[in-house]
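Go ahead and model the full structure; you've got the sequences and the hints to work with.
Residue-level listing of the chains:
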Amino acid sequence: MAGLVRKFLFALVLEDAIIREENAYSFYESALHKVSGAESQQLLKKLCAEELRHRLKLEELRRRGETGEIEFSRPQEIELLEEEQSWPEVPLQASSRDILNLALVKEKQAVRYYQLIGGRSALRTVRDLFFLLAAEESEHVHRVEKTLAET
Amino acid sequence: MKWVKCFDDEIRKYGPYTTIEAGMRVIEVKRITGSVNKCHELDRRFRTRRRRDRRERWRRSRFDSQSLQLYSIPPIDAYLLGREYYVIDGNRRVAAAKQFGLEFMDANVTGCVPHGNREAQRGVVSQRLFEQQTGLKNIRLDYTSGYADLLEEVRDYSGGDNIAESARSWYSEVFLPRLEVIAESELNSRYKQAREGDLYLTVTRFYKELMGRVPQDVGFDTVISTFLFARRLRSKRLLRRFPLRQVYTLLRGSVPPYLQQSRKG
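Those protein sequence lines, which keep their order, are chains Y and Z.
Counting from 7, one number per residue, gives the positions in the first sequence under the numbering used here.
Counting from 14, one number per residue, gives the positions in the second sequence under the numbering used here.
To be clear, the hints were calculated from the coordinates, so they are not data collected in a lab.
Watch out, some of these pointers could steer you wrong.
Unchecked claim - 20 Å max Cα-Cα, derived EDC-like pairs, lysine to aspartate or glutamate:
1) Lys111(Z) - Glu41(Z)
2) Lys51(Y) - Glu222(Z)
3) Lys52(Y) - Glu142(Y)
4) Lys18(Z) - Glu97(Z)
5) Lys52(Y) - Glu156(Y)
6) Lys52(Y) - Asp230(Z)
7) Lys51(Z) - Asp21(Z)
8) Lys51(Y) - Glu151(Y)
9) Lys13(Y) - Glu66(Y)
10) Lys249(Z) - Glu21(Y)
11) Lys111(Z) - Glu54(Z)
12) Lys43(Z) - Asp90(Z)
13) Lys52(Y) - Glu222(Z)
14) Lys249(Z) - Glu66(Y)
15) Lys205(Z) - Asp234(Z)
16) Lys221(Z) - Glu35(Y)
17) Lys249(Z) - Glu28(Y)
18) Lys52(Y) - Glu151(Y)
Right, here's the structure in full:
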């Protein structure tokens, strides 16, 4: 019974991760039309592509029926991360810098999220995928920080 | 009485035109809608209306009986104008094909391209180029500009090898399996009127524009699902009815003892 519950929770966590990537993509896509400067636009387009690539990987994992289990040993952490799921709307009057600052906060949250669920995943392929996603989100953090420093 | 379309009446709407030999190909019978010489004598199913013409009726019945004996229907000659075919020679064969419910038949096709339609001209040229270089003649697109994209894809796939040989392998190993996935997908049910080849190009163009290429490390069904999301054609997803937090709250009070233990811990 506990195994079934954990598998169901895994499916929910996977769907939750897909929602996060969708929100991230939608954020960058709408921000793309609002930022000025070729460098910022290029960065946002790359981030758009990468968030969509993450969604592809998670969706593939969901479709291929790779069954995994997640240990919820510290449920309060899941609750905490659940609160952070939604990405904000891109404010109408936001500057490029405002948008990148928002992105930075959300990307850092994504790193923590994937590290956490990666660490709790029992199946190796699933764990590897989540750690890979965490590493890629971490790369996004560096890129956004670099662009912020240069602008 | 509804007659077949007249080629002369249709082509007059476009003005001057050029003809381009497209050669022998398999065409969809439902797209044969007109005739060049006998449009006032044939109904929509290409049956003659001159009931008194005994000779005609005799020839038709002879042809029908031959067809019933599973003789193959010889190719017709037809003009292609827009998306429709107009029979130059072979009206009776078309009537038989329609009567027997054939989906496809062979035809020697001549494309008609109006001078004023630059897009159509470019499309015909890129289709011709695609067919000449790849030897693949039966890929059907409504938006013929897509042949240029397909040719580029085949070139990438060939990686510098013989393009005609690689094209056959690309067709059977990449293109056809992906069309099958499209046929089963939600994308196809949302755009029932669109050809699967055109849908394929819509999806691949989106990924090439955003990522430089179509993702290779995931299944094409996943590629389509993500395309639908990105194009705001969102699907119903059962698990989204169970937000993680609510489900967890429900479970926390009752089922998993290890969770309760960890809470106490």
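Here's how the hints hold up against the structure:
1. Distance check on the hinted pair: lysine 111(Z) and glutamate 41(Z) sit about 11 Å apart at the alpha-carbon level, within 20 Å; holds.
2. A threshold of 20 Å between alpha carbons decides the hint, and for lysine 51(Y) with glutamate 222(Z) the separation of about 10 Å falls inside it, so the pair holds.
3. For a cut-off of 20 Å, the pair hint linking lysine 52(Y) to glutamate 142(Y) stands: about 12 Å separates their Cα positions.
4. Restraint check for lysine 18(Z) and glutamate 97(Z): the C-alpha separation of about 10 Å stays at or below 20 Å, so the hint holds.
5. Between the alpha carbons of lysine 52(Y) and glutamate 156(Y) the distance comes to roughly 17 Å, so the proposed pair stays at or under 20 Å and holds.
6. With a C-alpha separation of about 19 Å, the suggested pair lysine 52(Y) and aspartate 230(Z) falls inside the 20 Å cut-off, and the hint holds.
7. Restraint check for lysine 51(Z) and aspartate 21(Z): the C-alpha separation of about 11 Å stays at or below 20 Å, so the hint holds.
8. Simply put, lysine 51(Y) and glutamate 151(Y) have alpha-carbon atoms about 16 Å apart, close enough for the 20 Å limit, and the pair holds.
9. Simply put, lysine 13(Y) and glutamate 66(Y) have alpha-carbon atoms about 17 Å apart, close enough for the 20 Å limit, and the pair holds.
10. Simply put, lysine 249(Z) and glutamate 21(Y) have alpha-carbon atoms about 12 Å apart, close enough for the 20 Å limit, and the pair holds.
11. For a cut-off of 20 Å, the pair hint linking lysine 111(Z) to glutamate 54(Z) stands: about 17 Å separates their Cα positions.
12. Note on lysine 43(Z) and aspartate 90(Z): the hinted pairing holds, with a Cα-Cα distance of about 16 Å set against a maximum of 20 Å.
13. As the CA atoms of lysine 52(Y) and glutamate 222(Z) are separated by approximately 11 Å, the hinted pair is consistent with the 20 Å bound.
14. A threshold of 20 Å between alpha carbons decides the hint, and for lysine 249(Z) with glutamate 66(Y) the separation of about 17 Å falls inside it, so the pair holds.
15. Straight-line distance between C-alpha atoms of lysine 205(Z) and aspartate 234(Z) comes to about 17 Å, which keeps the hinted pair within the 20 Å bound.
16. Of the pairs offered as hints, the one joining lysine 221(Z) and glutamate 35(Y) holds, with about 16 Å between alpha carbons and a cut-off of 20 Å not exceeded.
17. Note on lysine 249(Z) and glutamate 28(Y): the hinted pairing holds, with a Cα-Cα distance of about 14 Å set against a maximum of 20 Å.
18. The suggested pairing of lysine 52(Y) with glutamate 151(Y) holds, with an alpha-carbon distance near 15 Å, which does not exceed 20 Å.
Checked against the numbered hints given earlier, this structure breaks none of them.
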